[in-house]
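> The lines below spell out each chain.
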Amino acid sequence: MKTHLLHLALIGLLFALGFILPDYHQGNFSRIMVLAIYAMGYNVMFGYTGMLSLGHAMFFAAGMYGFGLSVQLGDLGVIPAMLLALLGTAAFAALVGALSLRTIGVGFMIVTLMFAQAVYLTILYAGKYTRGDEGFVLQPEARTIAGMALNQPDIRYFTALMLFGLVLLGTGLLVRSNFGSVLVAVRENEERTRMLGYDVIAHKMGAVVVSGVISGLSGATYAALFGYVGASFATVQYSIFPLLWVLLGGMGTTLGPFVGALLMFYLIDYSSGLTNAYMLIVGVALVLLVLFARAGIIGEIRKRWVPWLP
Amino acid sequence: MNLHLETKGLTRIYGGLHAVSDVDFSLERGKIHALIGPNGAGKSTFVGMVSGRIPASSGTVMFEGQDISNLPAHKRMRRGMAYTFQITAIYANLTLAQNIALALQDRNRDKALTALKRIGLEDRIDQIAGDLSYGHQRLLEIAMGVAQNPRLLILDEPTQGLAESEIVQFQTLIRSLAGDTTILLIEHNMDVVMALAEQITVLNMGQVLATGTPQDIQSNAAVQAAYLGTE
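Line order of the protein sequences matches chains L and Z.
Using the numbering used here, the first residue of the first sequence is number 1, and each one after it goes up by one.
Using the numbering used here, the first residue of the second sequence is number 1001, and each one after it goes up by one.
Heads up, a few of these hints could be off.
Claimed, not checked - Computed, partial: chain Z to chain L, Cβ under 10 angstroms:
1) Ala1073
2) Met1081
3) Ile1090
4) Arg1107
5) Asn1108
To be verified - Computed spacing ranges between beta-carbons, pair by pair:
6) Asn1070/Z - Gly105/L: 23 to 29 angstroms
7) Glu134/L - Arg1109/Z: 54 to 60 angstroms
8) Asn1093/Z - Pro22/L: 53 to 59 angstroms
9) Asn1039/Z - Val106/L: 30 to 36 angstroms
10) Gln1127/Z - Tyr129/L: 56 to 62 angstroms
11) Gly1016/Z - Gln237/L: 46 to 52 angstroms
Since the hints were made in silico from the structure, they are not lab data.
Note that beta-carbon positions come from the ideal geometry of N, C-alpha and C, so glycine has one too.
Using the sequences plus the hints, can you model the full thing?
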């Protein structure tokens, strides 16, 4: 109960901020909430199940291209295109899971990295449709739901908030469910979990699909709200980002992904105004994190002061 | 004789080494059966193959009349087995309540309390399992095995590292299960074996050296030579 109240409080706060934030920050927050969805998807697999993927950009890109191509080439409306993108991402995640779950640990990291690379190269190879590196713009006319233009800042903000809120409450339910507690058990001790009679592979498969679909939702939403689909979102960098956000905010916490994405976004935003070497500042921040707050921000708060945090 | 578990020709080869070689073994329902033998005799490998953790090189395992040789470990557990590890394997970062809930496959707090009462740790239900003393962690692991309410409980050196008083607690717990639950016990502590076991099988060099009642085993010359030592 406390879990859901906490999540509702955050959603309420973001709702209020939607009316008072200046334009520039409102735009930033729209983007952060969409990226936080991606981080929450990543967290299901990494934070709760303990599987480190280095290729999650493939799921983000699957959602983004599934949506973008359905709109651009298939002339579908936003909602049908979104559903198609999610179905496609789910099928793709199941395929990736079936192949990659033969490996564990470092092997799993390498396999996911390679799959993501294959997806990136496929996007470039199919340049006739995807326009490769350059990407393509989704026209504002194609991005409307029932007459509401998704490129309009307020509508964009509240659409992002709605989806962010749904995923946040959804992960809250997930981690409190039996399924979620078995995922944590797999993370904590895989062999013990198997010997208690749980089908570890089936649970990992569930985690890959749920994580992939949430990541794909983020990619599709990004394309719908910001109108751009490009191969840069399928690069290694976009596989590393959610890992950093989750580590910074706190792996295995429901609020960590949002907090991590928010801080990293503003850290980059602020430091790139000071210097071209902004990645250096980000790097220093991460080193400090590893030295002084290994569990991430929310993780440390949970460890030190508020043990019930989900 | 009511057979609960039976193995035929069970063999495990590591490289060229026969860790377990052609073991025919049977376990009577409701009995406490100890498996003893010197280090490296193949005891853990044998129960690993029974539970499905370790794939057998050849041979069959029959459980309650059905061939389970090809079932993965988690399905064997679902059929009514439970297994406790030689090296303590609990969820060190979770609370005792969460540990027991995972074993019970049920998050009812009263049921967790009942399970913890059997090892006297009910007051510590909300502690993190990794903060318990080593002996208490061992007892928690055993309690998790018992909580699964198995028909066959496999214990791999459960008393290793337990204090005398904890060993007494362990014996009481195991006796309370006798009759309903079949227990396969790997144990080095001969006092525990003699106090609990109704049947004993001695493994040596991956083969069955002898099977019988504690009295038979104590007076068996081959066992004395191989295991208990000759004067």
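> Next, verify each hint and record whether it holds.
Results for each hint:
1. Ala1073: The hint holds - Ala1073/Z has a Cβ within 10 angstroms of chain L, the shortest such distance being about 5 angstroms.
2. Met1081: 8 angstroms, holds
3. Ile1090: 7 angstroms, holds
4. Arg1107: 7 angstroms, holds
5. Asn1108: At about 12 angstroms, which exceeds the 10 angstroms cut-off, the nearest Cβ of chain L leaves the hint on Asn1108/Z violated.
6. Asn1070/Z - Gly105/L: 23 to 29 angstroms: 27 angstroms, holds
7. Glu134/L - Arg1109/Z: 54 to 60 angstroms: 58 angstroms, holds
8. Asn1093/Z - Pro22/L: 53 to 59 angstroms: 43 angstroms, violated
9. Asn1039/Z - Val106/L: 30 to 36 angstroms: Holds - the Cβ-Cβ distance for Asn1039/Z and Val106/L, about 32 angstroms, lies within 30 to 36 angstroms.
10. Gln1127/Z - Tyr129/L: 56 to 62 angstroms: 58 angstroms, holds
11. Gly1016/Z - Gln237/L: 46 to 52 angstroms: This hint holds: roughly 49 angstroms between Cβ atoms.
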